[in-house]
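Undergrad: Here the protein sequences line up with chains A and B, keeping their order. Numbering of the first sequence is given in my numbering, commencing with residue -15 and proceeding in unit increments. Numbering of the second sequence is given in my numbering, commencing with residue 234 and proceeding in unit increments.
Hint data in this document are derived by calculation from the structure and do not stem from the laboratory. Watch out, some of these pointers could steer you wrong.
[Claimed, not checked] List of simulated lysine to any residue pairs, SDA-like, C-alpha gap at most 20 Å:
1. A:14 x B:340
2. A:70 x B:304
3. A:48 x B:283
4. A:48 x B:285
5. A:74 x B:279
6. A:26 x B:340
7. B:363 x A:9
8. A:70 x B:235
9. A:70 x B:382
10. B:279 x A:70
11. B:282 x A:336
12. B:282 x A:-6
13. B:286 x A:67
14. A:48 x B:289
15. A:48 x B:363
16. A:70 x B:340
17. A:26 x B:339
18. A:335 x B:359
19. A:70 x B:347
20. B:304 x A:67
21. A:70 x B:339
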Amino acid sequence: MRIVGVTACPTGIAHTYMAAEKLQSTAEEKGYQVKFETQGAKTENILSEQDIKAADVVILAVDKDIDLSRFAGKKVKKVSTSRAIKDSAKVLEEAINGNGTFVPAQDDSSQASASSGKKSLYNHFMNGVNYMLPFVIAGGILIAISFAFGIEASNPDSDKYNIIAGALSKIGGDTAFALMVPALAAGIASSVAGRAGFAPGLVAGTLAAAGGSGFLGGMVGGILAGYVTDFVANKIQVKKSISAIFQLIVVPLIAITVVGLAMVFLIDAPISWILNGLTEFLNGLGETSGLMFGLLIGVMMAADMGGPINKSISTFSIGLMSAGVNAPIAACMMAGMTPPLGLALATVLFKNKFTVEERTSGKSCWILGASYITEGAIPFAVADPIRVIPSLMAGSAVAASISMAAGVTSMAPHGGVWVMFIPNVINNLPMYILALIAGTIVTAIMVGLLKKPVQKEKLTNSLIEEGIV
Amino acid sequence: MDISSMLDKRNMVFDLAIQTKEDLFACLAQTLENNGYITNKRRFIKDLKRREKESSTGIEDGFGIPHAKSKAVIKPTIAFAHVDELKDYPALDGSHVQCVFMLAVPDHANDTHLHMLSFLARQLMNDQLKASLKAANDPEEVLAILTKLGGE
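Could you build all of it, start to finish, from the sequences and the hints given here?
TA: In structure tokens form, the structure reads like this:
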């Protein structure tokens, strides 16, 4: 009888090793061959592929989630470390007799989660955020740096063109930012359906980006891609003889087709209606007071950050610039700066409401917000849309209406702080800065009041990542 | 490296007056603070309790190994206590903890120290060792028993 296994506990100091020791000594007494990998503070005694292949049964004595894909097709017995310590003989016996064992499926992380309680939607979204975050941070900062060369420096047609600024803008804006929503959707889909979900998710996200539905479209697309793939890959039974070909060809083909059609017809079409409807509404708005229009600008700018609502108002405001009306674009810029700035402030003021990673990415939000790169707020919005988006809308509405009511105008459509201090760009800088500060504070306070403290379980996860346990 | 290098006779407590987990943590943390192993006993106790909340660190035969990785720890060490049966500190086998190894680990412990701690955790699965530790009457005896284990 050959037995292999893994032991792991959250702290990785004691129970991991006690469980391994107890199982090992008990098994050796009975004359079994055993090898236990200890995933403690560091992983030791690592099981090789041959070890696993040669084993008759696998025992996992774990108090946290571990990767099961290595054990695909093997008979696996999973217990807590405390049970392994207390009842080692019984655990061994049950494992050998196939009592309470299961067989993890090929190539599948969703099975791992199925056995330890279903992952929530929140986990899927957070996984998407983790995929997306590098694009947002690196891309945003590169764009901000290109602004530092001068606001027109990345435009080849401008006489202020600078080749480095052009390249940075191409890398950050055209490439990294373009991959943001696809990465989000691919991350969400992979979390739901394992590796098989990656490609359908990527396709769904790219369609969302191209179709103009922005990150909200990407979230819907990612979830859709994940569940469709999971269904096709794991719930449809096929004969073992054709299983390989089924997984390789049929699964991606069906998943991508179904998800793609859904995105094109069910998501993109309504989005373009919304876009048209909103544009018409704005065109027909006629005379409104500055304050009301400012509120509208703020709410729309922060509602979907790059989606149709945001796009219709910013395009409309840029259109007004050509007619010589320069106040709405100033309000737009303001409303686009406060979401990341407000969140950055919130991560400082309300530390217990954010995970460690969020607090870290909050730091980059200072730069992104100051540069009018609203996308910096998206990872926070994805993680907790119902509480975060209204807070962003409120702060942006306050900022934009102050800006409009004070009649602030801007000669530049973009650039944030990089253009604000250039003489003659902003006509009333003190009021503009006041609007910025007010909006930032409103968003920060609202986020702080609405968001729930990070739960202990999530805290523990971030502690594990910090290497504390 | 030898396990005795992580032991300090001054951190070994024999006190049957201690009857709750709370008292136990308070007493050992105070001892560690007095002897310069931790900076702040309250912080350390908080970290111990956080680990305890996940699952009790009681093992078997009246042994427990409360442990924490904590910013408050200056140098990694293993403290020992033999106390009265703690009714609020159950072990896996239903017994009440009376012998405790408390592992204090700094935030950035090196591999050697973590290795020693896992070595001790493994040794505690040995019934004979547990019996002899329980019978020990003073720090010298405990130290002698553990020193005999050597290291790896």
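Undergrad: With the threshold set at 20 Å, check whether the alpha-carbon distance from residue 335 of chain A to residue 359 of chain B stays at or below it.
TA: violated, 44 Å
Undergrad: Run the distance test for residue 286 of chain B versus residue 67 of chain A: straight-line Cα separation, threshold 20 Å.
TA: holds, 17 Å
Undergrad: Against the 20 Å threshold, does the CA-CA distance of residue 70 of chain A and residue 347 of chain B hold or violate the hint?
TA: violated, 23 Å
Undergrad: Between the alpha carbons of residue 14 of chain A and residue 340 of chain B, is the straight-line distance 20 Å or under?
TA: violated, 40 Å
Undergrad: Taken at face value, is the distance from the CA of residue 289 of chain B to the CA of residue 48 of chain A at most 20 Å?
TA: holds, 16 Å
Undergrad: Quick one, are residue 48 of chain A and residue 363 of chain B close enough, alpha carbons at most 20 Å?
TA: Violated, because 28 Å separates the two Cα atoms, which is more than 20 Å.
Undergrad: Check the hint pairing residue 48 of chain A with residue 283 of chain B against an upper bound of 20 Å on the C-alpha distance.
TA: holds, 16 Å
Undergrad: Taking 20 Å as the top limit, are the C-alpha atoms of residue 70 of chain A and residue 382 of chain B close enough?
TA: violated, 23 Å
Undergrad: Given the hinted pair residue 70 of chain A and residue 339 of chain B, is their Cα-Cα distance within 20 Å?
TA: Status violated; Cα separation ~29 Å.
Undergrad: Sort out whether residue -6 of chain A lies within 20 Å of residue 282 of chain B, counting only the CA atoms.
TA: holds, 14 Å
Undergrad: Does residue 336 of chain A sit within 20 Å of residue 282 of chain B, going by the straight-line distance between their CA atoms?
TA: holds, 19 Å
Undergrad: Are the Cα positions of residue 363 of chain B and residue 9 of chain A separated by 20 Å at most?
TA: holds, 16 Å
Of the numbered hints given earlier, the model fails hints 1, 2, 5, 8, 9, 10, 15, 16, 18, 19, 20, 21; all others are met.
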